[in-house]
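Spelled out, the chains give:
There are 2 protein chains.
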Amino acid sequence: MLSELFAHTGNAHLVGITGAPGTGKSTLVNQLARYYRNPPDGEVQRSVAIVAVDPSSPFTGGAILGDRVRMRDLSGDPGVFIRSMAARGSLGGLAHATASVVQAFDAAGFEVVLIETVGAGQAEVDVARLAHTTVVVEAPGLGDDIQAIKAGILEIADVLVVNKADRPGVENTERALRNMLQLAHPVPRVFRAQGYFQEQEEVETASNELPLWTPPVLRSVATEGHGVAELAKAIQKHRDYLDESGDWGRRERARFKTELDALLQDKLVARWRNKVPASKYKSVLEQVVERQISPYQAVEALLDGDRYVW
Amino acid sequence: MLSELFAHTGNAHLVGITGAPGTGKSTLVNQLARYYRNPPDGEVQRSVAIVAVDPSSPFTGGAILGDRVRMRDLSGDPGVFIRSMAARGSLGGLAHATASVVQAFDAAGFEVVLIETVGAGQAEVDVARLAHTTVVVEAPGLGDDIQAIKAGILEIADVLVVNKADRPGVENTERALRNMLQLAHPVPRVFRAQGYFQEQEEVETASNELPLWTPPVLRSVATEGHGVAELAKAIQKHRDYLDESGDWGRRERARFKTELDALLQDKLVARWRNKVPASKYKSVLEQVVERQISPYQAVEALLDGDRYVW
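As they're listed, the protein sequences go chains A and B.
All residue numbers for the first sequence refer to the numbering used here, where the first residue is 1136 and numbers rise by one.
All residue numbers for the second sequence refer to the numbering used here, where the first residue is 1136 and numbers rise by one.
If you are wondering where the hints come from, they were derived from the structure by calculation, not from laboratory data.
Each hint should be verified, as a subset may be incorrect.
Within a straight-line C-alpha distance of at most 27 Å, the following computed DSS-like cross-link-like pairs (lysine-lysine) qualify [unchecked claim]:
1) Lys1415(A) - Lys1417(B)
2) Lys1402(B) - Lys1417(B)
3) Lys1410(B) - Lys1402(A)
None of the values given here were measured: they were computed from a predicted structure.
Sequences and hints are given; from them, build the entire structure.
Okay, structure coming up:
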C-alpha cells in the first residue's frame, strides 16, 4: 500500500474469525456486522469492513457466492464494506494481499475490520496473525478427528464460539474445547514473529500486572441471531484487555515483523533474479533433474558460482 | 539431505493422500500399506514408507496418536516405516522438511512412499506437489460448504476415493465430484512450478499422443478393507500413465524447481542476515510500529540505505 496511507492505520480493531467449513461462521460474521451497525440503545454504532479470505479455493466460486448472500442482507449501508479474497498463487501471497486490504480499510477509517477465514490450517493461523482479536468458531459434531485439527487453532483463539448451539452434542463440544484450553492456557502469551532475527532478539512475552486472558467459550445460533450480542461484548472485552495490558502494542510489533520479513524476502529474491540469466537457472535445474547435483549444490552453483553477481 | 544420498533418489513412487478431517484417510493409508505388504497372488510385494504430515497442529498429539494406532497394525514388518511430521514454524518449513524425509525414504530404497496430509488447504496442495500421484479422499455428508473447499484440491487430484461409502449420501458425493471434475478436467495438465523464472520460461504442458488422464472416482470402506485393491490398481495405472506419457519427468522438473527456489530464498535471506546488524533491524521495525515509515520504506532502508552491504 501507499506509504502515505500507512501513516493513517492503527486505529481499527482487527478481528479474525476462523473455523472449519460447516460451522456457520459466515452467518455469524454477517450477524456481527449487523450488530455493529444496529447496536442496542446505549452502545455506539461502528463502521464495519468484512474481508472474506478463502485460502483453499483457487476458483472463487465459494467466496463470490458468499458475497451475493451477504449483499442482500447488508447492501445499501455505506458503513459496511465487503471484500472477498481467494488464493491465487502462493499462500504467502494471500496473507500479504490480505494484510494490504486490511490496512486499506484501517486507513479508510473503518472502526472494525472482520477478517473471515475458512478452515483450520496454517493458512488460517497466518491470516489470524493479522488480527488483534481472534475468534474461533466451532460447531457440534463436525467429525471424528476434528479434535486433533483444533489444537493449532486453539493456540491463537482469544474468544471461542460454539455456533449451531441448538444442535445435539453442544455440551460435548464445549467440554472438549475447555479441556484443550486447559492444556494451552493460561500461559504467558508469547508474541513470536517468524522474524529473521528471532534468535538474536528477546522474544517478547506478555508480562504485566493483569491476570492473563482466558478465552471465554460462548454459544450462538447465528441463523437466529442468538449469542451475537454476547460475542460482540466478548470481543470488546478482549480489546479492552489488550489496551490495558500493553498486549496491543506487542501484537502490532509481531505483526509488522512478519510483514517486514516477507517483504525483505521478496525484494532479495527479485534482486537476485535480475542478475541471473534464465538460461543459467535452467541448465542448473536440468542437472538436478538428472540427479547430477543435489538441490543444495544447485543453490551453491547459482549463488557462489556466479560470485561476480555479488 | 546429503548430496550423496540425492543421487540415489528418483525410484520410489511418491503417492500423496489428502482429504478433510473425518474422511477416514488414515485408515485408508494403513490398508493400502497392508495391501502392498500382503498383495494377492500374482502381484509383487513392495516396501512402503508412510509420511504423515499434519500442517495444522503445532502440538503433535494427533499425529503421535495416529502412529500408535498404526504401529499395532503394521509393527514388526521391516518393509514398513512410518514417520510423522507436525508443523513447527512456517508452512514452507514443513513442506521443505517433508521433502527431505520423502527423499531419504526414496534413497533408502522404499518402493512406495505414502505422503498423508490432513485437510484441504494450500498446505496440502504444497505437500501434494511432492507426489507423483495424488489421491484425494472424500466422505459422504461432511458439511454444508465443503463443496467450495474441494475446488482447490480437485485441481491436484489424480485419483478420487469416496471413503465411508456405506454411509448415506454416497451417490450425492460422487455426483458432486464428477461434476467438479468436468469443470476441471480434462484440460492439458500444466506443471507449473512457482518458479522465479516462470514468466521468462515456457510453462511446460503435457502434450503427448496419449489421451489425457481422467481421474477415476472410486468407492471404499477402509475399515472393512473394501475398495483397497481397486485403489492400489488405480494408483498403479496412474504411474503407468506417467511413465508412458512423459508426465513423470515433467512432474519431477516442476517439483525440483519449487524446491530449488525455496532453498535459494533461504540462502539469500541468510546472507543478508549475516550482513545487517540486529540493532539496525530493530530500530527500523520500531519506526514502522510508530507509523513513521511504512513496511515498504523499511525494506528500502534495510537494503538500499545500507548499500555498502552489497
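Hints, verified against the model:
no.	hint	verdict
1	Lys1415(A) - Lys1417(B)	37 Å, violated
2	Lys1402(B) - Lys1417(B)	21 Å, holds
3	Lys1410(B) - Lys1402(A)	16 Å, holds
Of the numbered hints stated above, the single one contradicted by the structure is hint 1.
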